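Chain residues, written in single-letter form:
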Amino acid sequence: RKEVEQDPGPFNVPEGATVAFNCTYSNSASQSFFWYRQDCRKEPKLLMSVYSSGNEDGRFTAQLNRASQYISLLIRDSKLSDSATYLCVVPPNTGNQFYFGTGTSLTVIP
Amino acid sequence: EAQVTQNPRYLITVTGKKLTVTCSQNMNHEYMSWYRQDPGLGLRQIYYSMNVEVTDKGDVPEGYKVSRKEKRNFPLILESPSPNQTSLYFCASSRTGPGLVEKLFFGSGTQLSVL
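Line order of the protein sequences matches chains A and B. All residue numbers for the first sequence refer to this note's numbering, where the first residue is 1 and numbers rise by one. All residue numbers for the second sequence refer to this note's numbering, where the first residue is 1 and numbers rise by one.
Just chain A, same shape as in the assembly (with noise of 0.2 Å):
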């Protein structure tokens, strides 16, 4: 089993919908979580991080279901703007990697 699996998509959703990815992971004892969002062919940069049951940032809401090792990203009002890659990263407890999703696509139709 992979350490951090995503649905790697395409969602097409029209402007202004509710559109919401998931992200699972394989190792109970992991304590934080980080949605990083890329561009095509730029680097990943932080949109949120996820230290509890979870964090919200305007129209950005990330949830954590421990029991069920899952954390999700929802995105209402969807912009045309929101249309990227969006990678769950799953740093370890131990040792020194971060774990990479493969990312979900995001494409925001007019």
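Derived, one-sided and incomplete: chain A residues facing chain B with beta-carbon distance under 10 Å: (1) Val4; (2) Tyr36; (3) Arg41; (4) Lys42; (5) Pro44; (6) Lys45; (7) Leu46; (8) Pro91; (9) Asn96; (10) Gly101; (11) Thr102; (12) Gly103.
Listed below are the simulated DSS-like cross-link pairs for lysine-lysine, each with C-alpha atoms no more than 27 Å apart in a straight line: (13) B/Lys65 / A/Lys2; (14) B/Lys57 / A/Lys2; (15) A/Lys42 / B/Lys71; (16) A/Lys42 / B/Lys65.
What the hints contain is simulated information worked out from the structure, not anything from laboratory work. In this text the structure is predicted, and so the values were computed from the model without any measurement. From the three backbone atoms N, C-alpha and C, an ideal C-beta is built for every residue, glycine too.
Guided by the hints, dock chain B onto chain A, whose structure is given.
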């Protein structure tokens, strides 16, 4: 401005010709790492370094070398590049490595093509 500087942005080379991709950070981070990104495979770690003179293999280290002689610099060396190393490469740094609150800062990437 806090940043990770990676050069060059684009590089085309031929099989067997040694090359170096440079990476430098100005945030006094202990942890630095290199990743390659290929379609459908996501980001895969090549090497990482927890501090000066401390380097370790990631998931895909074959064909690569690194060094960490100074805290700010972490170059990636391909002694004899091959076409299967054609990829998008990212350098990243973090304050103290994987932990409760440490996030990764990424360089702008290097698109390498080996002919």
